[in-house]
Amino acid sequence: MVEELLDDTKFIVVPKLFANQIRLLTARLGVSVSDFAVEALTQAMRARELGSDLRDAVDMYHLSDVQRGAGSMMVTRTVFGEVLQRLHGSDGEELHGLWRDQGRWYGAYLKARLGRDQVLGFLEKDLLVSWNLDEAEVAQRDLMVSVRLVSFGMSEVFTGLMVSYVAGVMEELGLAENERDVLPGLVSLKFLGKLR
Amino acid sequence: MSSSRRKMLAAQEDIANLIAELAKRKDMTVYQTVNDILEQALRVEGMGLSLREVVDERWMLERAREIGLTFTVEQLLYRVVDEAYEENRERTAEMWREMGRWYGKYFQAKHDNPLEAFREAMELFCMGSAEYSLEQNGRGLSLSFIGEKLTPGYTELFSLMVEEILLVLGYKVKDRELRKGMAKLQLAR
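Protein chains in written order, with my numbering: chain P, 1 to 196; chain E, 1 to 189.
Hints listed in this document are in silico derivations from the structure and should not be mistaken for laboratory results. Every residue gets a Cβ at the ideal spot worked out from N, C-alpha and C, and that includes glycine. Don't take each hint at face value.
Stated by the list, open to error - To give a feel for the contact side, a few chain E residues facing chain P, derived at Cβ under 10 Å: (1) M8; (2) D36; (3) V44; (4) V55; (5) V81; (6) I146; (7) K149; (8) L157.
So here's chain P without its partners, still in its complex pose:
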């Protein structure tokens, strides 16, 4: 797919649709097609250094942007975990209530920002990154939504708060909890949607 033309130039085959879009875009940006392609490739290589690719980088940007829009910030997991562990002893119920309410708020925010149909698809990667999980799966089959979350190092307290949070998000999406199987760092939840 790469054909030689001159000594220092090659032709790359691209879909016509992209070629036209790129021409229009580069004209608007005032850069050459070649400069645009070089920059795109340079960034693709930088993403590659992370063991990632551009698609993942764009998805992660979107995710981080949504998180920030929802009032999230970065915190040290260790300190946060210890603080929660200590408070949980005296205020466990209140903490679960707070996380559930926050989940509901986030569910409403995601619906408003992404549209109801996009929320579950977004949530899988969102939970994976924002709760620093090893695995996350959010699958919908007819009216049933299954959530499976795995973290090898998550404490019992943190796991419980994550479950409250997810339950809050689902409640806001109109899904009722149907099944719950929770061990520290291992969560399986099933939710049922309401018939319209």
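Based on the hints, put chain E in the right spot on chain P.
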């Protein structure tokens, strides 16, 4: 695919070779690889961003993961941290100092320029919640962070962590000013 649906894009030889190399590494055809890159480049431009910004952010998130940071809701964080601080000031303060010592030693061990690593970490700690400024003047440092929602308890504890990081890196606090929503530190070697 018929040729009427494809076009040729002229590229410098080294770029074309890099694409071919990338395709080989990803076990994809050159056509698929170019497709993928251009599709994402157009998607990003459509979002009003540049690919460089997007990849920079990806690097930031990777660093955040490396140093054990996680996303949490700002207001929840302040609330639980303030509550814990109220409940047991000394123990909570020691927890944050200890974390600061850990970070200080980590930056020293992992980076040729630990102060630069600290600066990058500050960017992550303050992302979405506060603005910070770090200035080096001779043998001294001025550090401030300001955020309208920062609570007094969180400001104090965060400041303790930062002071401890900088102590490990050889800077001692000479002057400290903590107010609601802001902290200013003067440090010297």
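Checked hints:
Interface hint at M8/E: satisfied, since its Cβ lies 4 Å from the closest Cβ of chain P, which is below the 10 Å cut-off. Hint status for D36/E relative to chain P: holds, with the closest Cβ pair at about 7 Å, below 10 Å. The restraint placing V44/E at the interface with chain P holds, with a minimum CB-CB distance near 6 Å, inside the 10 Å limit. Look at V55/E: its Cβ gets to within about 5 Å of chain P, closer than 10 Å, so that hint holds up.
Annotation: interface hint on V81/E holds; nearest CB of chain P at approximately 6 Å, less than 10 Å. Annotation: interface hint on I146/E violated; nearest CB of chain P at approximately 14 Å, more than 10 Å. For K149/E, the shortest C-beta to C-beta distance to chain P is roughly 9 Å, which falls under 10 Å, so the interface hint holds. Checking L157/E against chain P by beta carbon gives a least distance of about 8 Å; that is within 10 Å, so the hint holds.
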